[in-house]
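Participant: One-letter residues, chain by chain:
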Amino acid sequence: MDFFHAHQAQHYLVLAAVLFALGALGVVLRRNALIVLMSIELMLNAVNLTFLAFSRFPLMGTSPQGSFLTGHAAVFFVIATAAAEAAVGLAIIIAVFRSRTSVNVDEFDALKL
Amino acid sequence: MSWLDAHLLTLVIFLPVVGGVLVALLPRGEGGQHKGVALVFSVTTFVASLPLWIGFHGKLAFEQKSEWAPTLGFSYHIGLDGVALLLFMLTTFLGPIVVLSSWKFVQERVKEYCLAILLLETAMLGTLAALDLVLFYVFWEAMLIPMYLLIGMWGSERRIYAAVKFFLFTFVGSVLMLLAIFWLWSNSGPVGHRTFDYLELLQSGAIDHETQGWLFAAFCLAFAIKVPIWPLHTWLPDAHTEAPAAGSILLAGVMLKMGTFGFIRYAMPLFPQAALEHAPFIATLGVVGIVYGSLMCMAQTDLKRLIAYSSVAHLGFVMLGLSALTREAVSGAVLQMVNHGISTGALFLMIGYLYERTHTRDLAAYGGVATVAPAIAATFLVITLSSIGLPGTNGFVGEFLILIGTFTSHAVNHASLLSVVASTGVILGAVYMLWLYQRVFWGPARKAVQHGLPDLTVREWVTVAPLLVAIVWIGFQPQPLLNAIREPVDAFVERVVHPQDDARKRADALPPVDLMPRVVDAVQAAPAPQEAEGK
Amino acid sequence: MDVNWLHLIPLLPLVGAAICGLSGKWLAKSWLYATALLAVTLSFCLGIYGFFNLPEGTKELHELAFNWFSVGNLHVDMGFSLDRLSGTLVLVITGVGLLIHIYSVGYIDEDRGYWRYFAYLNLFVAAMLTLVLGDNLVAMFVGWEGVGLCSYLLIGFWFTDEEKAYAGRKAFVVNRIGDFGFLIGIFILFNRLGTVNFAQINTAALPLDIASLAAICLFVGATGKSAQLPLYIWLPDAMAGPTPVSALIHAATMVTAGVYMIARLSHLYILAPGVMAVVAIVGALTAIWAALIGTSQNDIKKVLAYSTVSQLGYMFIGVGVGSFFAGTMHLITHAFFKACLFLGSGAVIHGLHGEQDMRKMGGLRKYMPSTRATFLVATIAITGVLPLSGFFSKDEILGQALHTKAFDFLTLTPGGSAHLTWLGTVIYIVGSAAAFLTSFYMWRCYFLTFSGEYRGPSSVHPHESPLVMTLPLWILAALSVVALVIGLPAEWVHGTFLQDFSWEHFTRGMWGAPRGGSPEEFSPYLGYGIALVVGLLGFASAYFSTFRYGIEGDDAITARVPFLRRTLANKFYLDEFYGFLVVRPLWSFARGLWRVVDATIIDGLIVNGVGGLVAWVGAIARRFQNGDVQRYAAVTAVGVAALVYVFLVRG
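Which chain is which? The protein sequence lines are A, B and C, in order.
Numbering of the first sequence is given in our numbering, commencing with residue 156 and proceeding in unit increments.
Numbering of the second sequence is given in our numbering, commencing with residue 5 and proceeding in unit increments.
Numbering of the third sequence is given in our numbering, commencing with residue 17 and proceeding in unit increments.
None of these hints come from the bench; they were simulated from the model.
Keep in mind that the hints are not guaranteed to be accurate.
[As the list claims (entries may be wrong)] The calculated lysine-lysine pairs, modelled on DSSO-like cross-linking and capped at a C-alpha distance of 30 angstroms, are:
#, chain 1, residue 1, chain 2, residue 2
1, C, Lys41, B, Lys451
2, B, Lys108, C, Lys41
3, C, Lys421, C, Lys75
4, B, Lys108, B, Lys451
When you get a sec, could you build the whole thing from the sequences and use the hints?
Facilitator: This is the structure:
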């Protein structure tokens, strides 16, 4: 099957890919930890979009459109996880900010041995 | 046979671990209790091992075999032959001495210290008793950890470097040996019937020539590092120098012997052809070790480092004896393993006591100890004499047997020459040991002893006296020990050299030795003495 | 004949040594002395008992004390055998030993380490008796090394003195060089014969090469223990020990062990005629070499030490020319007069509060009459003036050398025709020259010490020693005279009761006969005449220099030949030569080897090199882990993209 040209979901998928790429670039390039966190949210939402697109237009041709709810379920999980992740992430950022008075990720290298 | 008889060996091996568990349960900070428990259990281990010595007979005694992982082919199989028995007894004998020797010296982290010593003892005993290669390997590697901790935690200034060096050296060799063990296992039969059992592996079919060479090399490397054979010895001086006295005693007393024990138990009997083929090479390395180690001793200014290098020389003798493959030489080598454990262990013990008093290992700081501490000087003298192999001490019997056995060996080419070169070790040994003795004990009092030294305390006497007795006792009565090892040594020589070897037959085939300058020529033409007298 | 009490002879002094050594510190002085003396006395009595119970002829008393160790073909027993040779030596060792013990009671009494001293001395007697009584090479080696140990301990007795400590170590190490040869000799014999017992070795038919090799190796051991060229250098330094020790160990007993060993193995040595020639040549060279040095020493003990080395050379001439009885006879007589001389010098040193330099003595005959008289007797004995013991034994050796046939069939090159028939004559001439020098230096020593006027500082008041020290002197002096009976020429005593005392007669049949045959019966008178003239010449030269003019006479000689005198006083610079050629290079080599091979190549280059390589790889790898989460994420993203590309697009 020609994955990129012959599917009804392709517009959604392209949009999701663009959003994901923007998010990834944000994570890698931005200095501000808050923006990095928001970029992660963006990537998660790109994934959500993909889930929903495939849920609406399944890959298996025999199934009727819209009959798969698994994608929706996954999206709820992702939203919940994203919320938790945002909470923990913000808490970490606040903790780090208290000790370092900065949210600039370039200044953090505590993972180094 | 009662239950106790059947499980005695297991009991002795694991008694120190029981002590270790008790030590672990005791609250931290009660240093005296920890040491007390360790002492009680090491003494008990020694006492419990005495029936092994008394009840030993035959070729292999106290055998015990229990299932462990039958599908994989390994089991809990232990037993003692004469050679292992001697080293086993040596280990249990040194145990209490080691614990007592550091009674005062170790004041920090006593709990961990006692634990390490006790676990080390079990590991060493297990290594000697194991008759299954997996079991052997487990115990073998288990020795490393406590010793690594002993050096790294209770050592002196460069202890971390020494501990890491010790660990890496010994570990590298062991890994190759593990591979060789796996090869042996895979060769031992069809899938499902493979075994790690030493006795079964001995019986199983011949290994082709080239493979034997590789496997022998892998085993040799592991053991040679442990011995250590020149030029793999450089971890030893560092480890000895930095280790606390107790660590040095165990290291010199027992652990180095695991290498030579490995040769006589595993490397050579498992691969007899390769062993016979490479015996001259190993013998030569042994001789190099003797001369080289002795010369190294002459260049040292650190007491412990000097003794460490003397170990290289002494174990050179052992390796020479093992690879000479005559009954005299191999018996001498086994005896010398015990002797070295006693005399070098005692040397480290005494140096530990000196260090406790002076806090220096620098030869130049010592001098005139005999004036202020005559008992230390006297005991050290006896041990020195044992170390240089004076007749009447244990060292002589071992060295003499090795040298005379090597001289008459036919398994090794130019064995006589090797023996002659090795005999120069007798001279060099006297050179460096007496130099050490004079430097430390004689002469005017120098820096380290200017304010006097307390002489041996009662506790210290208790640790040294058994060693002195052993030195003299083995010096005059080595025969019980030699009787115990006769059968395994005979079997070993037989297996490696092969039955067709008839020393006498070969002797006649050899060309006569021709080294004498021909001052004499017309002797045959001269009249016989009786006729001349008649004139 | 098997007996069961022989082991007691060495065991009793050993027990004495153990008692003195372990409990001596707490034992009352008198009890300690009693123990030490009693042990030696009992051994002496046992020796006498054994001596008078000896079986006829060359048979021996034998005891197998215990099996020491046996492995494979090697059986080493602690066995003892007492025959006419070892029996006599047991008497000499315990007899002279006892006298020296008695003397030591006076000599060492004031020293704090007296108990240590007696422990060592007893241990020495035990070891020496083991050496003599051992019935195999290994048992002998036990004693051989044991006496070396005691010598080491006693030379270094006053160990706080660095020089004395060094002398002890030097003695031990040089002896060990000899012992190395001894060991190799044992190996060679065992390899060939499968036994180390004297009984089998002496009856074995060994081929020339094996016998020669074994004999020369054993002789290396003898040169170490008996202080012959080139290993004699330890003996003069050994004078650092207490003087009675010098008398017992470094004159009377231990240093003669090499001669005893060769005599014991006479049947082996006669199978190696070339080696016997070597023995005789080494003996002759040592005799003259040491005598030369002896003429220019000023330390009274050093003179005696070189004299000992020289006299040992004579003994080796004796055994080397195949006249084993003459060599051992000189061993016995020398034990008496040299012990007497040493103890006399000890009395002098004792009386002068430690002064050993003869230039600060002189005129002591007034202060020490007993010492002087006994010293004079012993001097006459050693210089070989008729009729004392040294005369007969030394001239027997020289006479045997002159007439020997042992070298008649030796050639220098294989198949060469020039036979070494002249060797005996050369040795005789060298030996006679050494006898002249002996006479000179001994009389010089005597005159400088006892004649003339006292030259020492006035603060020192020379005094005679107590009876406990002079009594042994008198006994030894008497023995030096009486011992002449064992050396009387055969034709003088033939048929008389004296014949039974003749050493030659007494030991007949014990020795191997040299290949060339025993020398023909020769008349001793020519030799005696020459010896007397030589001895008198030595006396005269000493008389006209040092007796007439005292120390100035000696200085006059120095002024005449300053270079020679300096060379001799410095012992031909042999110690310096060894130091330059062997000792220092060895130590430097060891240090260099350590720095270059051990520390640099093995440890630095290989071991730490591998470690360094790992560290280098790690240093590069660690750059990737800089703690920057964003870079991790970027790398992860790129990695995922690459994987997606590979698996989804390409695959």
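Participant: Next step is simple, just say for each hint if it's right about the structure.
Facilitator: Hints versus structure:
1. C:Lys41 to B:Lys451: Satisfied, since the Cα-Cα distance of roughly 28 angstroms is no more than 30 angstroms.
2. B:Lys108 to C:Lys41: Within the cut-off at roughly 28 angstroms; holds.
3. C:Lys421 to C:Lys75: 28 angstroms, holds
4. B:Lys108 to B:Lys451: 23 angstroms, holds
This entry satisfies every hint, going by the numbered hints stated previously.
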